[in-house]
Amino acid sequence: MTSATHRSAERIGSTELGPRPLPPLAEPRAGRQPETVDTVLDNGLRVIAARHGAVPMVELRLRIPFAGEDPGHPARAEVLAETLLTGTRRRDRVRMDTDLAAVGGTLQATVDPERLSITGDALADGMETLLDVLTDALTEASYPEHEVSGERDRLVERITVARSQPRTIAREELQRHRYGDHPFVREVPQAADVAEVTAEQVRQLHREAVLPRGSTLVLVGDIDPERTVRTVRRMTSEWHSAEAARELPALPEVKGSDVRLVHREGAVQSQLRFSAQAVPRTDERYPALQIANLVFGGYFSSRLVENIREDKGYTYGAHSAFEFTPGNGTVLVDADTASEVTAAALLEIRYELGRFALVPPSVAEVESARQYAIGGLLTSTSSQSGLASTLMNVASVGLGQDWLSEHPERLRAVTREQVAEAARWYVPTAFTGIVVGDAEQLGEQLRGLGGVTLP
Amino acid sequence: MVEPQPHRVTLPNGLRVVLAPDAEPGSTEPGGPPVVGVSVHYDVGFRSEPEGRTGFAHLFEHLMFQGSESLEKLAHFRHVQGSGGIFNGSTHQDYTDYFQVLPSNALERALFLEADRMRAPRLTEENLRNQVDVVKEEIRLNVLNRPYGGFPWILLPPVLYSTFANAHNGYGDFTDLERATVDDCAAFFDTFYAPGNAVLTITGDIDVDQATDLVHKHFGDVPARSVPPRPSFAEPAPSGELRDRHRDPHAPLPAVALGYRLPDPVGELDEYLANVVLAAVLSDGDASRLQQRLVYRDSLVVDVQAGAGLMGAPLDARDPDTFTVTAIHSPEVATDRVIDAVDSELERLATEGPSAEELSRVTARWAAGLHRDHDRLVSRTLDLGSAELLHGRAELVGELPGRVAAVTAEEVASAAKALRPEARAVLEIEPTSESDGGTA
Numbered sequence: 001m002t003s004a005t006h007r008s009a010e011r012i013g014s015t016e017l018g019p020r021p022l023p024p025l026a027e028p029r030a031g032r033q034p035e036t037v038d039t040v041l042d043n044g045l046r047v048i049a050a051r052h053g054a055v056p057m058v059e060l061r062l063r064i065p066f067a068g069e070d071p072g073h074p075a076r077a078e079v080l081a082e083t084l085l086t087g088t089r090r091r092d093r094v095r096m097d098t099d100l101a102a103v104g105g106t107l108q109a110t111v112d113p114e115r116l117s118i119t120g121d122a123l124a125d126g127m128e129t130l131l132d133v134l135t136d137a138l139t140e141a142s143y144p145e146h147e148v149s150g151e152r153d154r155l156v157e158r159i160t161v162a163r164s165q166p167r168t169i170a171r172e173e174l175q176r177h178r179y180g181d182h183p184f185v186r187e188v189p190q191a192a193d194v195a196e197v198t199a200e201q202v203r204q205l206h207r208e209a210v211l212p213r214g215s216t217l218v219l220v221g222d223i224d225p226e227r228t229v230r231t232v233r234r235m236t237s238e239w240h241s242a243e244a245a246r247e248l249p250a251l252p253e254v255k256g257s258d259v260r261l262v263h264r265e266g267a268v269q270s271q272l273r274f275s276a277q278a279v280p281r282t283d284e285r286y287p288a289l290q291i292a293n294l295v296f297g298g299y300f301s302s303r304l305v306e307n308i309r310e311d312k313g314y315t316y317g318a319h320s321a322f323e324f325t326p327g328n329g330t331v332l333v334d335a336d337t338a339s340e341v342t343a344a345a346l347l348e349i350r351y352e353l354g355r356f357a358l359v360p361p362s363v364a365e366v367e368s369a370r371q372y373a374i375g376g377l378l379t380s381t382s383s384q385s386g387l388a389s390t391l392m393n394v395a396s397v398g399l400g401q402d403w404l405s406e407h408p409e410r411l412r413a414v415t416r417e418q419v420a421e422a423a424r425w426y427v428p429t430a431f432t433g434i435v436v437g438d439a440e441q442l443g444e445q446l447r448g449l450g451g452v453t454l455p
Numbered sequence: 001m002v003e004p005q006p007h008r009v010t011l012p013n014g015l016r017v018v019l020a021p022d023a024e025p026g027s028t029e030p031g032g033p034p035v036v037g038v039s040v041h042y043d044v045g046f047r048s049e050p051e052g053r054t055g056f057a058h059l060f061e062h063l064m065f066q067g068s069e070s071l072e073k074l075a076h077f078r079h080v081q082g083s084g085g086i087f088n089g090s091t092h093q094d095y096t097d098y099f100q101v102l103p104s105n106a107l108e109r110a111l112f113l114e115a116d117r118m119r120a121p122r123l124t125e126e127n128l129r130n131q132v133d134v135v136k137e138e139i140r141l142n143v144l145n146r147p148y149g150g151f152p153w154i155l156l157p158p159v160l161y162s163t164f165a166n167a168h169n170g171y172g173d174f175t176d177l178e179r180a181t182v183d184d185c186a187a188f189f190d191t192f193y194a195p196g197n198a199v200l201t202i203t204g205d206i207d208v209d210q211a212t213d214l215v216h217k218h219f220g221d222v223p224a225r226s227v228p229p230r231p232s233f234a235e236p237a238p239s240g241e242l243r244d245r246h247r248d249p250h251a252p253l254p255a256v257a258l259g260y261r262l263p264d265p266v267g268e269l270d271e272y273l274a275n276v277v278l279a280a281v282l283s284d285g286d287a288s289r290l291q292q293r294l295v296y297r298d299s300l301v302v303d304v305q306a307g308a309g310l311m312g313a314p315l316d317a318r319d320p321d322t323f324t325v326t327a328i329h330s331p332e333v334a335t336d337r338v339i340d341a342v343d344s345e346l347e348r349l350a351t352e353g354p355s356a357e358e359l360s361r362v363t364a365r366w367a368a369g370l371h372r373d374h375d376r377l378v379s380r381t382l383d384l385g386s387a388e389l390l391h392g393r394a395e396l397v398g399e400l401p402g403r404v405a406a407v408t409a410e411e412v413a414s415a416a417k418a419l420r421p422e423a424r425a426v427l428e429i430e431p432t433s434e435s436d437g438g439t440a
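Chains as they are written, first to last, in the UniProt record's numbering: chain R, 1 to 455; chain Y, 1 to 440.
Check the hints yourself; a few may be wrong.
What the hints assert, rightly or not - Among the chain R residues that face chain Y by a calculated CB cut under 8 Å, a handful are:
(1) Leu-22
(2) Pro-23
(3) Ala-395
Unchecked claim - Listed next, the stretches of chain Y that the computed footprint assigns to chain R, with coverage defined by at least 3 CB atoms under 8 Å from CB atoms of chain R:
(4) 78 to 84
(5) 99 to 107
(6) 246 to 259
Bear in mind the hints are in silico, worked out from the structure with no lab data behind them.
Here the structure is a predicted model, which means the values were calculated and not measured.
Just so you know, even glycine gets a beta-carbon here, dropped at the ideal spot from N, CA and C.
Kindly generate the complete structure, drawing on both the sequences and the hints.
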């Protein structure tokens with residue numbers, strides 16, 4: 001191909017000198033912990049401000065607990081998130097975008113069953129403008145009729161697009177399968193509900209639920225943390241509430257059960273999604289479980305990926321990850337596989353779960369995962385945006401920068417025995433889950449394998 | 001903030017090296033976090049793969065992770081991750097990149113891993129067959145099993161371009177992937193993966209002298225090989241409007257992509273950048289022209305995006321490169337109404353140009369975006385490497401905000417004027433299934 005004369009693959013793969021030894025690691029250089037202020041303002045808003053990084057930017061994350069039990073809540077919440085930044089007494093949609101752009105800034109709002117999230121960034125010397133636009137929306141969002149009706153119509157179509165994505169279908173099915181009708185399962189609202197949302201309902205939801213008490217604001221970047229907190233205090237003084245923003249009701253424990261097969265017409269690939277109960281991030285067993293999860297399927301060099309991708313070629317990616325909500329933690333295992341190998345992949349996943357619970361991870365497996373966890377914390381928080389998101393993740397379960405700073409020590413202290421004990425969370429009978437795919441192709445093989453409920 | 005100037009070394013075997021430390025040597029400024037980025041860009045992408053071997057450049061990228069003389073299969077992943085690092089690779093039109101980001105005490109290990117596979121990758125039948133299966137799963141995931149898969153990067157080029165190099169599917173047909181042999185891999189490696197055809201980039205918490213010594217130590221004895229002359233992929237611009245339709249069994253709503261030819265990104269950089277600014281004026285942010293007109297005022301589309309570059313980012317390829325406008329719209333809105341609205345906005349910009357406020361909006365967001373990109377070591381490393389490879393100037397990355405700010409309203413108007421209906425491609429996505437089966 002292309003080169004008329006070329007060496008053979010055997011020749012290419014060997015040199016006169018032969019294989020060379022892997023260089024050792026040098027002495028690690030300790031990173032500096034970011035200078036951080038973490039405080040709760042009089043209005044109940046927790047503010048975390050951290051000086052970090054070399055670029056003249058500031059990253060903003062705001063989390064407002066936003067749970068609702070009413071079946072109509074997800075639709076109203078979705079319209080609220082889409083229109084929060086489209087108008088206030090002082091600004092219309094174009095003015096908001098123009099003011100943000102002047103300081104190189106952006107702001108986006110998204111909502112899920114747990115929280116309303118606002119994510120933004122700006123040049124650091126434009127932080128006041130960024131906060132001004134944000135607080136303007138938080139305190140004076142007006143939800144103009146034409147913006148609400150326009151977004152509502154677009155949302156109905158966007159929901160149709162979202163529900164055509166296999167990953168969205170699979171997530172909805174898994175949520176229903178493991179949590180029934182708990183509000184946590186209502187991630188994508190029903191189009192019919194969205195079509196009936198009125199501007200007045202959205203305004204009312206804003207008054208009742210967009211509250212500072214219990215919410216968290218994270219600002220990370222080229223900023224002075226003390227001065228930043230003072231600025232936030234001044235700028236959010238008009239945002240107050242007696243009541244706290246609504247946290248998600250406690251989730252029931254995930255119990256092991258049969259996997260449910262869900263038919264998707266015309267699928268050429270299947271989504272395999274499994275879940276089991278784990279521990280909250282705040283639990284003292286978490287560091288050992290974190291290492292155990294990496295060994296099982298939490299990174300590329302894991303048993304699951306090395307088996308079903310690198311040995312069998314059944315999938316492009318297989319993962320095992322935690323989902324943390326306040327007071328709870330679960331583990332999620334996923335892979336997408338061609339229809340013809342779906343049953344075989346399910347068999348291998350069950351095998352790896354069983355083997356993991358029964359055959360403790362080796363010293364090498366534990367050490368590799370430990371280094372990855374420690375290094376991963378370093379690389380993922382090295383950027384301003386990475387640190388801001390990580391801080392918000394841990395803040396949402398009540399932790400902060402101190403916990404992040406101490407976490408490498410916690411990981412270093414984990415013993416192989418603790419990892420082996422944590423691996424017992426992975427017994428196959430602890431898992432439940434779903435497979436989305438072409439039932440006509442998958443049904444017979446899955447029935448033969450057992451433990452699968454067919455449609 | 002002053003962008004530190006990248007340092008440069010070229011080894012006797014031809015390998016070009018770019019070093020971009022967090023802080024200048026002897027600087028009193030505090031260094032960044034103890035993290036380094038290492039990337040290798042090879043000057044071959046999917047435009048160079050031969051007929052009958054679509055998808056081969058990408059398949060070969062996968063094989064480069066499958067072991068080398070000193071490293072068994074799986075060892076590359078294990079050594080990077082076991083050192084606390086992350087890795088990946090990606091295949092573009094004109095280049096293929098590989099990167100690692102790790103704690104800085106693993107720098108030598110990262111260089112060793114890249115050098116070993118540049119010197120002597122293990123290309124075996126077993127690994128090839130395994131990775132053909134993995135790549136097919138990747139294509140099912142990203143293209144065949146989802147709505148709007150390959151829209152527009154796979155579907156638009158065969159409408160806009162006529163030569164195999166520019167028009168074919170870079171992910172590859174399954175039959176071509178299955179036909180690939182170990183000897184194809186050997187030929188591809190010997191032809192394109194010579195050290196003289198590559199750029200090594202090292203960024204972050206490094207000492208330039210020390211890192212340079214390590215580069216010599218590990219890459220110095222990778223034998224020089226001849227570097228193939230770089231082919232021209234030039235072809236004439238279309239002389240009429242070219243139209244095609246694609247039936248998508250998973251898509252719930254129709255969509256349309258418009259494709260136009262761009263000025264040469266290397267030879268006509270300023271003209272190209274005028275198109276980058278044009279794209280931002282058209283669709284970046286709620287106040288932009290196409291969002292205002294097509295989304296908010298006329299409610300024609302659910303989503304609309306304009307951009308320079310086929311793969312979602314500007315300055316990612318050599319000539320010929322593509323300007324795209326994509327929109328997803330309701331079935332009640334005829335595709336031509338969407339296209340007419342885009343044309344009328346382009347015409348308005350061509351006549352009146354953008355306002356000063358629109359230009360300054362784009363300029364400030366570009367500067368901020370560049371800062372954010374550079375704060376993430378992965379992006380900083382890859383941007384420097386691709387700028388060095390495609391433009392011969394890693395410095396370009398730091399100069400871009402200034403050059404974008406210098407783009408005038410007249411230049412944006414000219415760029416808009418050049419996006420003519422009679423020299424473009426129109427690709428329509430036609431949904432072919434009434435419902436998406438069983439889960440509503």
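For each hint, the structure was consulted:
1. Leu-22: Holds, because the Cβ-Cβ distance from Leu-22/R to chain Y comes to roughly 6 Å (cut-off 8 Å).
2. Pro-23: Because about 4 Å separates Pro-23/R from the closest Cβ in chain Y, which is inside the 8 Å limit, the hint holds.
3. Ala-395: violated, 21 Å
4. 78 to 84: The restraint on the region 78 to 84 of chain Y holds, since 6 of its residues have a Cβ under 8 Å from chain R and three suffice.
5. 99 to 107: Holds, because 7 residues of the region 99 to 107 of chain Y bring their Cβ atoms closer than 8 Å to Cβ atoms of chain R.
6. 246 to 259: Check passed, 5 qualifying residues.
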